[in-house]
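Residue numbers (UniProt numbering), protein chains in the order written: chain A, 1 to 386; chain B, 1 to 580.
Please keep in mind that the hints were generated in silico from the structure rather than gathered at the bench.
Among these hints, one or two may not hold up.
Per the computed footprint, the stretches of chain A lying under chain B, defined by three or more beta-carbons under 8 Å from a beta-carbon of chain B, are [to be verified]: (1) 143-154; (2) 196-205; (3) 213-220; (4) 236-248; (5) 256-266; (6) 278-289.
Far from chain A, by Cβ distances over 10 Å, these chain B residues were calculated [what the hints assert, rightly or not]: (7) 8; (8) 9; (9) 77; (10) 292; (11) 294; (12) 334; (13) 351; (14) 361; (15) 370; (16) 394; (17) 435; (18) 486; (19) 489; (20) 547.
Ideal placement from N, C-alpha and C gives every residue a C-beta, glycine not left out.
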Amino acid sequence: MSRFGNIGHRLFTGELSFDFVGRRKLWVALSGVIVLAAILGLSLRGLNLGIEFKGGEIYTISKPGVTVSQAQDVANKITGDNSSVVQSSSSSSGKQITIQISAAENVTTEKAITEITSQLGVPANQVSTQMIGASWGQDISKKALYGIIAFMVLVTLYLAVAFEWRLAVGALVALLHDMVITVGVYALLGFTVTSGTVIGFLTVLGYSLYDTVVVFDGLKDATKKLGTQSRLNYSDAANQSLNSTLVRSINTTILALLPVAALLFIGGGLLGAGTLNDISLALFVGLSAGAYSSICVATPMVAWLKEKQPENIALAKKVRQRRAAEAKAAAEGVVLDQADRAGQDDEAAEGNVPVSSGSGAGGSTGPRRQPVNRSRNDRRAPGKRK
Amino acid sequence: MGLILAVAVALVAIMFATGNTTPRLGVDLAGGTTVTLKAVAPKNNPGAVNSTSMNEAVSILQQRVNGMGVSEATVQTEGSDTIVVTIPKGNNTQQIENEVGTTAKLYFRPVLAEAPSGVTVTSSASASASASGTASASASASTQANAPSGSASASPSATKTQGDAVTGDLTKATATASASATAKASTTPAATGTAAAAAAASSSAAAAASLTTGTVPADLTTQFANLDCSKAAQRVDHQTDTTKDAVACSSDASAGYYIKYALGPVAVPGTDISSASAGISTQNGGWQVNLNFTSSGGSKFTTVTTALAKNTTPANQFAIVLDGKVQSAPSVSSAITGGQAQITGSFTQEEATSLANVLSYGALPLDFSKQDVTTVSPELGSSQLTAGLVSGAIGLALVILYSLLYYRGLGLVAIAGLAVSAVLTYAIMCLLGATIGFALNLPAVCGAIVAIGITADSFVVYFERIRDELRHGSSLRPAVQRAWPKARRTILVADFVSFLAAAVLYFFTVGKVQGFAFTLGLTTLLDVVVIFLFTKPLITLLARRKFFAEGHPMSGLDPKRLGVRPPLRGGRRPAETKEA
Chain A
1 MSRFGNIGHR
11 LFTGELSFDF
21 VGRRKLWVAL
31 SGVIVLAAIL
41 GLSLRGLNLG
51 IEFKGGEIYT
61 ISKPGVTVSQ
71 AQDVANKITG
81 DNSSVVQSSS
91 SSSGKQITIQ
101 ISAAENVTTE
111 KAITEITSQL
121 GVPANQVSTQ
131 MIGASWGQDI
141 SKKALYGIIA
151 FMVLVTLYLA
161 VAFEWRLAVG
171 ALVALLHDMV
181 ITVGVYALLG
191 FTVTSGTVIG
201 FLTVLGYSLY
211 DTVVVFDGLK
221 DATKKLGTQS
231 RLNYSDAANQ
241 SLNSTLVRSI
251 NTTILALLPV
261 AALLFIGGGL
271 LGAGTLNDIS
281 LALFVGLSAG
291 AYSSICVATP
301 MVAWLKEKQP
311 ENIALAKKVR
321 QRRAAEAKAA
331 AEGVVLDQAD
341 RAGQDDEAAE
351 GNVPVSSGSG
361 AGGSTGPRRQ
371 PVNRSRNDRR
381 APGKRK
Chain B
1 MGLILAVAVA
11 LVAIMFATGN
21 TTPRLGVDLA
31 GGTTVTLKAV
41 APKNNPGAVN
51 STSMNEAVSI
61 LQQRVNGMGV
71 SEATVQTEGS
81 DTIVVTIPKG
91 NNTQQIENEV
101 GTTAKLYFRP
111 VLAEAPSGVT
121 VTSSASASAS
131 ASGTASASAS
141 ASTQANAPSG
151 SASASPSATK
161 TQGDAVTGDL
171 TKATATASAS
181 ATAKASTTPA
191 ATGTAAAAAA
201 ASSSAAAAAS
211 LTTGTVPADL
221 TTQFANLDCS
231 KAAQRVDHQT
241 DTTKDAVACS
251 SDASAGYYIK
261 YALGPVAVPG
271 TDISSASAGI
281 STQNGGWQVN
291 LNFTSSGGSK
301 FTTVTTALAK
311 NTTPANQFAI
321 VLDGKVQSAP
331 SVSSAITGGQ
341 AQITGSFTQE
351 EATSLANVLS
361 YGALPLDFSK
371 QDVTTVSPEL
381 GSSQLTAGLV
391 SGAIGLALVI
401 LYSLLYYRGL
411 GLVAIAGLAV
421 SAVLTYAIMC
431 LLGATIGFAL
441 NLPAVCGAIV
451 AIGITADSFV
461 VYFERIRDEL
471 RHGSSLRPAV
481 QRAWPKARRT
491 ILVADFVSFL
501 AAAVLYFFTV
511 GKVQGFAFTL
521 GLTTLLDVVV
531 IFLFTKPLIT
541 LLARRKFFAE
551 GHPMSGLDPK
561 RLGVRPPLRG
571 GRRPAETKEA
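Please build the complete structure, drawing on both the sequences and the hints.
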């Protein structure tokens, strides 16, 4: 536990730092492979759309002793062929059997229920039925699509106003990334897409952005006064901010995933396949993708865009010059570096330079690992803020 | 803090005072049936689906459902074009399901021409048309009694329609116009039968079109010729304008095949019916629907029957067109006065009752297509509820465990916040169930469980900010104050995005998704309320306690554990010293 807390502190001070922003190529490659796989899966395998999207009837029987093959026999009798899908799932109140009959079979509900009750000996009031019009799935997907578009437009506008357009682009790219991955997982693993999936998928939108926005908020804070110093370029500052909010990101993701996992594994385990399972599965995939994308996609994307800004190009140049000088100084001895550092009182330098901040990193991190140095610096900073 | 606790207590008090101590459960948790209907705008009037017509439809559906004696059924609009009818368990869902979707647009139109549709005439038809016996025109206003043309139905299926001789259906299969027109009750069955048989035999190879009787108006010729009522896809409402001629199919194939009709403009609209009831026919003991017209409807009916009685078959019939299908087409031998009429046909009691109920409460102003009909057995409902509650409880327990492990004393604050949030959510859900009919369904439970994460995250954001301040070397009380503005901004921005997502979902979707979005939006709002009015004041209070202020190892704010040194002394930060 205390070690865990220490990690938080070390991340905060920059003593321990993961270079998220600098490994842009790695993330591009990683995300590229995943997204490509998702797109390939989507185009080659397609989505396994549930009966809700095709129209038809679903009959759910919960009676112990009824086997899948018995139910399949009855279903075949009802339809006159073997087109119906019979599945079983275990639930707290015993086993459940669902029979799905496509709308194309033209079987009336009354006829099917009569067959089921007489053949399997299930009372009619214990058969749950769902009749879905063929347009239901299209309708809800269409509405969901409109919802997604409206949400994206609104959220992009909001982020552009609350932050700036580069951050809005970063958030949008991360969002699309999460959506493609979530849909791709469904295509690749062949999970059935139901209305529950659509709900879960839509929630991922909100949640993925929620996470990104919290990260961006820290980013905005950390890069506010970047222009007044010359030790960090934008990417360094972004990375530092990511690291200092990493504990929050991890905690949030864990706390968000815990209930979802409970829904997925316990709710699903108790009830078998159903709405709970469908929603939580989409959420589980989407939330995981969202946690990854807000750190490894959104922020590097923003840093890449920001580095193209003239003032940040100038800053990066200044930082390079300074690091070159530092490296030279380091080669001559650390004393110079320390003296140099003591004079550095920038707000943005509260923490420390990430380990991997460029070629001059070795020179600049060496002395900062010394605890005396760090705590002195840390103590000074809040004093200045009063 | 006092405020929010007072609000929470007040809400719970209202909850108990009004007796709404449990949320209203949706059909998927309690068992029952939901029917989702989507309004379909007519092609020539795309603007017909508006809030006025939707509200009208809802009130008519409400009356229909109540008319069936269903308790606690709800009819609600969802989105701009969807109506959801929710029927609790223990009702005859099949009947309700059939009835709610029926538009019940009823028109009385004069028949201009008719023909069997999609039938191949065979000479084997035995045309023993002895049906004439029942065709004595009764003086009563009942429409079916004025169906003397039954005698003429020397069609190939005449034997089949025998049983229904008194019903209007009988006239469907008139094979020879002249025969039936002149025959009336006096025709000898044998003669007609022979004639028909001969006619049928001679034209056995001919298409059904040759069996057309009456005059098809010029503007309908093509449409009438192309109409094939044996195809289900074509048995739809072809009426476009009540003032124009139209084609229609018979509602059933009781004669062994469907009959297509060319019909004149609407003579009497269904809105002129003042009441309708189901009853047993005095003629044949079958179920029928008795209609009473309003005074204007009655006079219109008299006018049209007077005119029709002068015509010859088939133009002496009027068709009762329900939702674009000809329910029956009795012929008229004399003017019908008295403002009453019957619809007969091969009704079961249930069908007759449904139709009467539907006609009594009026036609829906729009056509509806059934999107989704879900019946959940109470067993399945309760097991879904259990699964939702159990997984929610376990999810909550995991969150609490993690908060305690990671944040120690602060974790207790998080738990208290979650508890307040949970109480508020529960109370509001209970009260909304009673006031606006909010029903907690499975996706809504899901939304509430997911919201645990969002609520917990606000605590994480604030706690991490406080810890950041502590890491800067600040003591607890100033840290709590200084962390707040930053945390507040982050929480507001993030919750705004989450709320935006919920709002967009709510407005763009229907049904299940809406329930989910509603819960998510509600809990996001409550999250803001709780963190502002509860968590923040609570932490400010606790920061004065020795346990937290001195960073007790179990408080979650132990500077040593946070990696800050030197340890804080009495909440005072060591004097700033600048070393070189």
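These are the hints, each one checked on the structure:
Only residues whose beta carbon comes within less than 8 Å of a beta carbon in chain B count, and the region 143-154 of chain A has 7; three or more means the coverage holds. Check result for the region 196-205 of chain A against chain B: holds, 6 residues qualifying (beta carbon to beta carbon below 8 Å, three or more required). With 4 residues having a Cβ less than 8 Å from any Cβ of chain B, the region 213-220 of chain A passes the three-residue criterion, so the hint holds. Counting residues of the region 236-248 of chain A whose C-beta sits closer than 8 Å to any C-beta of chain B gives 4, which meets the bar of three, so the coverage hint holds.
Here's how the region 256-266 of chain A fares: 9 of its residues keep a CB closer than 8 Å to some CB of chain B, so the rule of at least three is met and the hint holds. Look at the region 278-289 of chain A against chain B: 3 of its residues bring a Cβ nearer than 8 Å to a Cβ of that chain, three or more, so the hint holds. No beta-carbon of chain A comes within 10 Å of the beta-carbon of residue 8 of chain B; the shortest separation is about 22 Å. In this structure residue 9 of chain B is separated from chain A by more than 10 Å, as the shortest Cβ-Cβ distance comes to about 27 Å.
Non-interface status of residue 77 of chain B relative to chain A is upheld: no Cβ of that chain comes within 10 Å, the nearest being about 15 Å off. Every Cβ of chain A is farther than 10 Å from the Cβ of residue 292 of chain B; the closest lies at roughly 32 Å, confirming the non-interface assignment. Look at residue 294 of chain B: its CB is around 36 Å from the nearest CB on chain A, clear of 10 Å, so calling it non-interface holds up. Distance to chain A confirms residue 334 of chain B as a non-interface residue, since its nearest Cβ pair spans about 41 Å, more than 10 Å.
Every CB of chain A is more than 10 Å from the CB of residue 351 of chain B (nearest about 13 Å), matching its label as outside the interface. Residue-level check passed: residue 361 of chain B sits 24 Å from the nearest beta carbon of chain A, beyond 10 Å. Chain A draws residue 370 of chain B into its interface by the beta-carbon criterion, the shortest separation being 5 Å against a cut-off of 10 Å. For residue 394 of chain B, the condition that its CB be more than 10 Å from all CB atoms of chain A is violated, with the nearest at approximately 4 Å.
Non-interface call for residue 435 of chain B relative to chain A: holds, since the shortest CB-CB distance, roughly 25 Å, exceeds 10 Å. Annotated as non-interface, residue 486 of chain B brings its C-beta within 10 Å of a C-beta of chain A; the closest such distance is 7 Å. Its closest Cβ contact with chain A, about 7 Å, brings residue 489 of chain B to no more than 10 Å, contrary to its assignment away from the interface. The beta carbon of residue 547 of chain B is kept farther than 10 Å from every beta carbon of chain A, the shortest such distance being approximately 17 Å.
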